[in-house]
Structures are given as structure tokens and as C-alpha cells.
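Guided by the hints, dock chains B, C and D onto chain A, whose structure is given.
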Amino acid sequence: MQRARSAAAALLGGGTGTVFALLAVIFAIVFAVNPGFFQAASLMAFLKQAAPLVILAAGQYFVIVSGNFDLSVGALVGAQVVIAARLIDGEEARTVPVIGVMLLFGIAVGLVNGLVTTVLKVQSFITTLGMLLVLYGAIRLWTGGAPTGSLSESFRVPGRMGIENVPLLGQVPWALLIMIACGAAAIWLMRTRFGRVLIATGDNDLAAELSGARVDTVRTAAFVLSGLSATIAGILIGGFAGVSAQVGEGMEFTVITAVVLGGVVLGGGQGLVVAAMAGALTIEALFTLFNQLALPASLRPSVQGAIIIAAVAYAARRRMRPAGQTATPS
Amino acid sequence: MTETPVLAMRGIDKSFLGVPVLRSVDLTVAPGEVHALVGENGAGKSTLMKILAGVHTADAGTIELDGRPASFTHPLQAQHAGVSTVFQEFNLLPELSVAENIFLGREPRRRGFIDRRAMAARTAELLADLGVEDLAANAKAGTLSVAHQQIVEIAKALSQGADLICMDEPTAALADAEVELLYRLIDRLRNRGIAVLYVSHRLREIFDLCDRITVLKDGRRVDCVDSAAITPDELVTAMVGRRIEAVFPEPLPGTEIGDVRLEITGGGNAWLDGIDLQVRAGEIVGLAGLQGSGRTEIAEAVFGIAPFTRGSLAVDGRQRRITGPRKAIASGLALVTEDRKAQGLAMHQSVRANARLVLDANRRVHSGRRLSRIPGILSGLDLVSRGLEQDVQYLSGGNQQKVVVAKWLATEPGVIVLDEPTRGIDVGAKHKLYSVIRRLAAEGIAVLLIASELIEVIGLADRIAVLHDGRIAGELPGGATEQQVMAHATGRSRA
Amino acid sequence: MTSERLSTTALIYVALAGVLAAGGAAVAVDGGNLFSTANLVDMLTRTSLTGFLAIGMTLVILCRSLDLSVGYVAALSSLVAATTMDGAPGNVPLGIAAVLLVSGLIGAANGAIVAFGRVNPFIATLGVGLIIKGYLDTEYKGPAGDVPAIFQQFGYTRIAFVPVSTIVMLCLAAAGIWFLRSTRTGHHMYAVGGNIDVARMSGIRTHRTRITAHVLCSMCAGVAGMLLAARFGTGSAEAYTNLYELDAIAATVLGGTLLLGGRGGVAGTVAGVAILAVLDTVFNVMQIDPFAKDVLRGTIIIAAVALYARRQIDRTARRPRFAAAGTGRP
Amino acid sequence: MNTTRLAVASAAALGLLLATACTTDEIDDPDTQETAAGEEGGDDWFVQADYERQLEQREIEPEGDPAEPWLQAIDPDWVDTSEFALEGGDATVCFSNASVSNPWRVTGWITMQQQVEVLQDQGLIGEFRSSDAADDDDQQISDIQAFVDSGDCDAIIISPSTTATLTPAVQAACDSGAPVIVFDRGVNTDCAVTFIHPIGGYAYGADGAEFLVDNLEPGSTVLALRILPGVDVLEHRWAAAQEIFGDSDLEILGDEFTGGDAAEIKNIVTQYLQRGEVDGIWMDAGDGAVAGIEAFEDAGKPYPVMVGEDELSFMRKWDETGMTAIAPVYSNFQWRTPVLAATMILSGEQVPSEWVLPQEPITEADLDEYLERNADMPSLHYAKFGGEDLPGFPDAWRDR
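Protein chains in written order, with the working numbering: chain A, 411 to 740; chain B, 342 to 836; chain C, 35 to 364; chain D, 4 to 403.
If you are wondering where the hints come from, they were derived from the structure by calculation, not from laboratory data.
Note that the structure is predicted; figures quoted are calculated from it, not measured.
Where hints are given, some of them may not hold.
Unchecked claim - Straight-line alpha carbon distances no greater than 35 Å define the calculated DSBU-like cross-link-like pairs of lysine-lysine that follow:
#1 C:327 to A:531
#2 B:682 to B:558
#3 A:531 to B:481
#4 B:771 to B:558
#5 A:531 to B:668
#6 A:531 to B:558
This is chain A alone, in the form it adopts within the complex (with noise of 0.2 Å):
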């Protein structure tokens, strides 16, 4: 079938290719080093540690494929996982109606960046620049400096548990199996209308609307993504590690770099959302790749910076096609 072979085509084209490529590579080196990693138990603890970023990547790609950014989600996040902390203070009972209030809350962040963009035409990169001081601010305005409160049991489930004793797997966490839903969700969204409206509008913002396209609602409905995505992150941290002052720090970026690595050109228009999930499972095992190699510490953003942008120009080339014959100047 015709998309099908479009699809193969798209993900061995261009950035796309690089990535999958490049992942491919690292967990071979994985495996050269410490063959036990691909014992079940520990991918699917990697898997599990992997499934924030890769949610907020699928979010991030909402935005970014649309021709803006999110810097805000990182501080989202931390946001996310205090207010989870302050507002359940321990009582289970909570928990359910907490999750609802965040759900909540990140779609009104969303939506806030979105119609600022949109509709007060600020550049989306100061947008949320502004947003992620607001947020970080707010946030410990509310809370008296440092988190306060406590998670409860059953919050911590998806982000901590998993269903036990699957035979071969053993454990398989609740955040892989989010993780897989949302990542379907995200290619399902990507197929329907909206999807294809939102990726045009990225491409061509005057054409979209000219084609009669919502163009600053599609816009502002994939800052509301990212907000939702940066919430489901949220949960799945704060269950995973439970609360402290530093969660979600500086995110924004590693997410962002995530989403490039994956293919996405920043600007808008172009790129696979499975791509971009796949930058932030890249990342996720490049970290990985340090620890077992045990590489020291302080020098590990050093090989991650020259990682990223080898890939990221390698990548760049791939796409260049010739200035064909119809091609013109600007």
C-alpha cells in the first residue's frame, strides 16, 4: 500500500534514517560491553526510566512540527510532580482527583502558551522562555521554596510498578506500557485530519489557512499536547522517583535535542513523530552507553554535545537533495 512504502521511505530518508541508525549503533555497543543488558529485567528498566522522555519527545514533536517550541515543559514537569506532592499530602483518596487537577492544569499551561503564541504573535521561544520563569517561580511561591506534601501509594504505581511475573519479561512496567499507548496515539493523531492539517500548517502557515485551515487553533492544540504530555511525564517521574526539589530541571533542552536528533527539522514541517520518540530512546541509551562504560562523569556532556551534533549534521546532509531543475532561488 502506497502510504506504507511512503512510511518505509520517510524513515529511511533524511534525518530520520540517522536516528534509528545511530540507536541501533549504541545499543550494539551496549551489548559488546555488558550482554546482561539485554537481559528482560533490565531493558524493561530501561524502558521504564526511558518512558518520560520519550512522552514528552511525542509532545515536543506536536509543537515543534508545527513551526514553534516548548521550552516550558521541563519546568512543567517539576511543576507537575509538586503539585501532586502538595495537593495528595499522603491521602490515598486524593490521588484520582489530584491527577485530574493536573491533567488540568497542564492543559491550561498549554493553552496559555498556544493563544500567547497565536494569538498575541509572541515568538513561541520567549512564549515559553517566559513560561518556564513563570512556572518556576509560581511554583515556589506556592510551596514556600522547597516541595512539600508527599506522593501516595497508588499515585507512585504507574511511574514505580509494573504487572508482575509476564512470562520472558518478568516485571512489564506501567510506564512502558503508557509509554507504547501514547506513542500510538500520538502516530494515530498524526494520520487523522488534524495531524495532517497541523504538519501543513508548519510547512506553510499562509497555504494552510488559505486552505481554510485553523491554523492558530491546530497551533495552540499542540501546545495543549505538549502540556498533557508534560503532565503524564510528570506522573510517570514523580511515581518513578517520588518528589524533589530538582525534578524536570533543564528537561526542555535534552527533550528538544531529543526530538532534532530524531529528524525533525525545528521550523516546522517536517519529521515523524516515531522519530522524534525514537531521539529520546536514542538519548536515554546514549546516557546508558556512558554508565556502562563507566565513562567519568563530568566528562560525559562533552561526548553527548559532539554525539548530538555529528548526528544532527550528518543528518542535515542526508536531507540535502540536489537544487533540482524546477528549483529557484529563495
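Using the frame of chain A, we list chains B, C and D on its own:
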């Protein structure tokens, strides 16, 4: 021509990723000659020009300027060598002034630093040379009319001391009156002994202006003749290799003019006033007028981009307040926009994605049946592409335009507005579009056709509304003469 | 264009005046005096560091690029300066030269990766930043080197109530304005940022221009690093933790430079820097809770940029022909 | 080319402006520089002398009432402060805070504010001005300058964000004539009237390291978790730990930077557990200790011998799991001392020139007592915050 040619290209080869685009092409231009370079899109004209402009480098072959061998790897070198190119998309920066644009990259300097006074002075000189007074050196390029922007481009070429100026589709965006101005400029250039390489699809201009014609086809030079020695039909045949009617196709049998589908009464807004216009089912109404006379504004008003603030608009007899494209689409309107790159296509998306964009974006018109018709529509337009999943950015201009048309046909519109549908596309595609327009009429669609090339409007339209200064200056039957149209367009005779 | 930019710049200075007035009033109500020498000194002092960074940032942003590595470059530079000078007044010129050389080279690397590697500047400079971070973490476990008193003057001396560092910053700003207006490379930055293909077609060496912008930007960061060293009396790797790059970008955009390049200028940036400095001082004098500061900062940045955006939209409107006001055609 | 031209220009400009030294606030550097040269080697954080001194100080019985550890001092050398004596109280005290960017500082900051209220009620302190530099050294230098320039500070309290870098600013503050009180992290100048701090990083690191050595079989494996590099107080902790591990038969699997982020900590520990056994965990600060412990639970491994901190979330986990652990303490109550010291100085009382506060780890023995005391405190609160007797207790700390 005995004197050494200003340009002599021999055996130029160029291929991209192994796909040959130029095959041992020769091209010689004599000093002061106006030389036409013609051929369908994809024939290799642009590539040849880009090699000449130093954008691409030839794989093989030699370039001689005034008998001296030359090879460019950068536009700068081409300019230094005296070859300047005026591309179709103007290379002007809206944020910069006329002077800054003309001298961009070659700013006059005093003691190493930009000398803005000198820059302004020399700009004034250049413009005077070209006989253009009504253009301020410090005006922002972004605020200029298309014609003036082109003048700036030519002034730029002159300032580079070019003895060969290449023009790619220079009249594509000009109204006929402005074309006259261009003619005068080109004459001035010729008199100063400056050669012009003139790339155009417009046969009339070619025969009006050019001394010799080089014809490219599929990357080969098929012919180089004196324009006196060939007829338009022969030329077209040489270009497309098959004989097609240079004249416009006749209305299809069974086309009949039906009820009014689009009716504007006393329509007006900031740019238009007192517009009364009717388009009936099966009817093709042409909108003629000079650049800025309000042609495009009407299209935008009808489609709700810059809606009418006065008067009324009815589609199929029902009053509509169209405040935006969505409303327009919902009421069965379609608009093929003037600038397909900027307004028409998402370049990095596939043919399919672009063709179904309108359906995807509007629930009101979205339906499985319409989606399933898209491949048929595209093949009905003779689209040439590597499958529906190919990105439109890799299609030729003509085929890109077909995708734009297809995406609107997919909505099964009752009224279709075509704004410069044949701008900058090759003869073959043009004729295809002409017959498509006829077919639309035959299907009972009301067609509003906007074109700067009078001949198109005259050849296709059943009625012609001529705009002047934001008002309809007069209505003429199809087949009216260009003189009649121009009379209204220039406001000389008020109908 | 000049007139355009002036008017935008003018607007920003009006905004600055507004902020000063509002701040002054607020402080007055609070029973203080914002314009007391002490507070003026404080404001001016705070302008210098961000000023150096933002002036450089303006150049790269004008070229439609970005530099997220300036914070790291500044930190590195402070160490290079301190260790080279190593307490010996004689080494001061050597130290300055070393810093400008090192930072210049890093800038060249940034530029080369962006220009030749076709890597999105966001990723490229983020990556380079990480590389430097790794180097700092590995090489310098904390402060190192020793800045001679004579050079510490750069950080502490004042002429009347104007700190020398501020004067140097203003000189650099003047140099920047002159550079953009009167040198080809500078002037071409507008072209490169406005439309790179057009620039290339016009025979502008776009790569060279962009790289120059990055080199100058990093050198400014270098100067900022030297200021840090002068004020610290030593070099500090930790300086990179303060996200100076985001401050610089915020200031630049506050200064009316378009994040998409091609429009703006150093004059506006200086005003943008001043606005942020005034805010900081006001917050300090009024004893605003540190977290409330972030909230306010974020909100104000967004609000300001939204204001500029309004103006952009208005400007792009077509001149009416039949509007009640407008008569005759343009 | 323009690059070089501008470079030369700016370099020249700098040189020129530096030449014109028409100074308003002088930095007399001699002693600054000497001391500066001393400790800040940059590369090597281990100073044998300091290490040994701190380890001894743990044994010394501090002077003063054990009920008020924040007023105790370990072999103090009292200095006369009569020159700063101020008539009539109502002094304006200015406090330049490095930041409140982590729970430890937040807790301390609350304690200090509560203490200030008391002193204000007693009329000893009039206005209390504070500024927060959000961990930005340059920012804090400006803050301190602002205090100095304002000229209305009768005493300046400084909690430096980084030792070496704040030295010139503190020096300038001293030169302004107002009494300067430095606490928590030090600076490389002794110009401050008093420098208040617990015993220090070496002692902290040693407490935990020795506990591991005593409680683990020889050959056992230990993982070291650190927050970030380059901060002296943290580096000293690690340096001391390395010293002690060096003489032991413990195998150090590695030392990782976690940024204090619980998720990061759990990731890292999990990965180490995948690669092999981990018998003990040493941390340079307790943040996220619980996440580290959970990693063992989730991996189904036995609890390690754990070095945490007197942070409640850890102590509660410790209590419910009954694991073998110790909570080294970086006495949070030190945040009370500076303001008290300020009032003492302003009333001409003697203060120790270097005010070394007691610093005792919480062990199995006194775990319950401290949990008891802090029963209704939030989880990221610090057990030895020493504010129980302040009027604001417990609400000020509980619902902040």
C-alpha cells in the same frame, strides 16, 4: 555576427544525482543582442541560467565571455565577469532601501567603511539612466510595486557593470502597461551595447523583443534561429515537439450558461468600490486590469481574505457573509492563488497531502468519496510525478500548479476563482490548464479568471470585466480586442 | 529601513522610560528612592554583564542564528583570564588576548557548525555548550587562577557613579552599532538574516558573515567572562549554571531584535538590557520574594514582546484606497 | 578583517579604561590574594591540615549550653567588638543570601526569619534587609555592593554562594566599616568579624565514610552519589570520604553526579544494580536519598548500608525499613547564629573570630528522638534545624 560573442557556452553538461539536466548545450550571445532562451519547464533553462549566474557549476563544457574562458563557483564571480541575472523571484530584501538593495554586497566604501552618501547618489544616477524618476533611493524595497522592484533589479545589474543581463520570466508578474516600460528599458540596454538573455514563455514578447532564439528541450539545444526566420507556431512546435493549437481551445460541446452562481452587488472595502459582478454556471468571466487595479483584491474579497465591507455577495442565490476562507469553502467557493509557493503549497509535503489539504482542513467538505476522487483528478490533469507520495517541492512549476488546482477541484466547488493560474509555467502546462478551465465550465462551474496576459482573458473568457483603480471600468464581451481592454484598464474611456 | 528601525528603537527607549517611571513610583510608594546614587550604581552594574552577552547575541540573532553557549564560554573565559594572569599585573594583556583568542575560536566553531554543518543553531550551540561544560567539569573542580588587583578594577572601579564595566559595555555597544551600520560584514548581517538565498545571490559571503557574527558573539561572551573574573578575583566554572544565555536572548528580543533575524539592532538591545537591570534593582530595593521575581520577569518579557508584535502586524497592513480616512490611491 | 579589528578595538578599550584607575571603592588585595592563593588550588580539594583539624574538632566538647547548639562554639578565640557597639538597638541588619534554591537553605532561611522576628520584638534589630542572588555569584556581588553603597547597613551578613569568587566583594564590605558576618560557606579573607560555620565538609564526609567502613565487610562495594562538581563544601565532603575509603578495603564502584534529582539518582543506582552488587551508598547530600533506596526495593535487592542526611524523608524511610544507616548533619541551625551574632556585635559583646558550631551526625540511637521532635514537619525538612523554641514553631516551617 562577426564580432566576438559576449557569451559563448559550449558543450555544457549538468546532472543532479546522475539525472542529466543539460546535455552538451551550446549558447552564444552577441554584444547588444537580445537573445531569447525558450523551452518548457524542465527543459533546463533555469539550470543553464544558474550555471551562468554561478549558482551551479557545469559538470563539463566551457564558458567564454568576450572570448576569455571563465568558470564560476559563486554568484560573485559571475557578476565580476559581467554577467548579472534577474531572477523571477526578485532578490530584494524588503527591509532594506532601494540603494542598499542595489549595492548589496558591493557597497561603496570610503576608507574601508560604507559610504552611504555615495550609495544614494549613484543610485539616483542609475535610475535616471533608466529613465525612472519616480523612485526614491531610500524607499524600502518592501513598499515598491512589482514593476519598480524589477527596475531595482535591473538597476542592480547595471550597477554591477554587466555586459550580459539574464532575465528569467521578467514579465511574469507585470501588467501589459508595465511590460511596455520593460520593453523601453531593454531597448536602452541594447543601445548601450548590453546583451540581454531573455527567458520567457510569452511568445509575443519573444517576437517583439528578441533578435535570436535558442530553444531547449529535455536538456538539449534543439535549435537557434533568428526570430525573423520562424513563426510562433513553428517555435511552439520546436519547444514541445508536438503541434498544439497556439490558439485557445474552444468551449466544449454541451457547455451552457446557466443560473447566476456568484453575484456581487455594490461590493466594496478599503481597496475596492462599487463592484457589481455576476458569474453564471458554465460561464468564464475574465478580470483584466493593470497591476494594482484591484484584480487580486476582488479574489481576496470573494474568498474572505479581505472581505467586502460594503454591498452584498450571493452564492447560488443565497446571501453570504464570507469573512474568511473557511466560510468561502463552506459556501462552495475555491481560490487558486496567485503565488503557489507562498500561498498554494506546503512544499515539504507529498502531492497527496497537498491535494487533500482543503478536505482535511474543512469538515464541511470532507468526505471519503471526495478523498477517493483525488488520484483521478490528478491524472485528469496529466500530473507528472513519481507517485502521489513525492514531495511537491521536487515537481516542476507546471506540475506544482496542477496540484494546487487539484486540491480545489477535490472540493467540488460551485465557483472557482483562478488568480494568474498560468504564471510562470510552461506552454504545455498552460494549454492543459486552458482546457481544464473549459472543462470546469462545461461541468457547470462558474469560473472567475484573473490574468495579466490579456490574450488569456480574451481567449478564454465569455465576458471580461476590466478593473481600473479599484472599480469596474467597463465590461466587454469575450474576444474583445486588446485595445478595447487597455482603453478601460488605463481609464482612458469610462464605460 | 533606518527610519523603521529608529522608530522601533525609539519605542523601546520609551518602554525603558516607562519602566523607570513605574519602578521609581513603586519604590517611592515603598518609601525608597530608586534614583539614589546607590541604586543607580546598582542598576548600571547589573547592565554590564548581560550587556556584553546581549550585544554579541544581537549579532547572531540578526543573522537568524542563536548562541546558547555564551554562558559556558563566559565561564571558560573567566578561568582562562584568571589562570593566565595568575596574579601578575604584567600578564593582564596576555590574559585578555588569550580570552579573546579562545572565545573567538569557540565562536568560529559555532559558526562553522551552523554554516557548513547545516546544523540548526539551537542544537549546534547547545552541543558546543555541553562540550565546554564537560571540559570545565573535568578540568576545573571549582574556582581557579588569580586576578591581579589592577584588573579587578575592571569589575569594581567607578567613575562618578558609573562603573567602568558599564562604560566598557557602552563602548562595545557603540562599536557594535557602528559595525552594523558602517562595515560591509555588519551591514550584510541584515541581509543574511533577512533572506540568506538573496544574500548569497548578491554575492555576499554568507558563511563568512555568519561565522563572523558567531566569532564576535563569543568574543563578547569572552569579555563578559573577563568581567566575571575581575569581579570574582578568580575564574569560576560554576558561572555557567546561571543560564546567562537565556537572559541575553530575552534582553535582545526585549530590545526589539526579531528572533527570526534581519531586523533589530544593538541600540535596542542596550535598552532591553537596561529594562531587565532596572527591574532587578526595583525588585531588590522593594525586597520582592526571589520567586516572585521570576514570575514578574517572565510575565513582563512576554508582555513587552507582545506589544512589539502588535506593532509589527499594524505595519504590514496594506494602505487602503477607499478607507474613510485615506483619499485617492497610494 | 572586521573580527580582528573589533577584537583589537575592544582589547584596546579595555586596557585604556583599566589604566584610568580613578577608584571609588578600593580593593586592598595583599591578604586577599595570599589567602586566595592558598585554598583555591582548583584541581585538588584536599588540604591535609584542614582535614585533620576538622576530624579532631568532632571530639572537642563545644563551649556553651548544649540546649542551644547554635550558640555553642568549638575552641573559640573571642574577639573584642566594642568598636562596632551601637547605641539604642534598632539596628539595620542586611543579609545577602546566596539563594534558597534547595530545601536545606529554605529550611534555614525560615529559621533565620523567625529568629529575626524575635530580635525585632526585643528591639535589638530594626530593619532586616535581605537580597537573594539565586546562586549567581555576580548577582550576589552586586547585592553586596548595593548594601555597601546604600550605607544604611549597621551589620552585613553574607552567606556566600561560592568561596573564592565572593572574596573581593566581602573584602569591599569589610572596608565599608560595617561589621561583616560570614556564614555557611567561607571566603578567602579573614576581614569578617566572625565566620560562622559547622565543623565542615571534611567532617561531614568522614562521618559517612567511617560509618561505611565500620559497617561493611572488607571488599564490599560502595557507590558514591554527588550533586555537582566544583562546590567547595561538597568537594571537601568527597575528598574526606576518598581519603578514608583509600585506607579501607572497600571497593568504590564509581562517583556520579546526580544534580540532586531523585529520578537521576534512581536511574543511576538502578543501572549499577544491573551491573552488580552494591553494598553501600555514600552521598555528599541527602537529597533524593529515598529514591536511591527505592532503586534497591524495585530491583529486589537487599538494602545497602546507607549514608543520607538529616532530611526527614530519608530519616522516615530509614525508620520504616530499619536499614543500617547514618545521617550526617550539616547543622542547619547555623542559620540562627548570624543574626544573633549581629546583635551581639552591635552591642559590643565578644564573638568568636571563627565560630565553629557543633556538627554531630544522627545515628540509630537518636533517630527516634529526632523523628519524634519533627513529627509534623514536611518531608523535605531538616531534623537539626534547631528552631523548636522559636514562637513561630511549628507552623512557620510546616505551612510555609
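Structure-based check of all given hints:
no.: 1; hint: C:327 to A:531; in the structure: holds (24 Å)
no.: 2; hint: B:682 to B:558; in the structure: holds (25 Å)
no.: 3; hint: A:531 to B:481; in the structure: holds (24 Å)
no.: 4; hint: B:771 to B:558; in the structure: holds (17 Å)
no.: 5; hint: A:531 to B:668; in the structure: holds (24 Å)
no.: 6; hint: A:531 to B:558; in the structure: violated (48 Å)
The structure does not agree with numbered hint 6 stated previously, though it agrees with all others.
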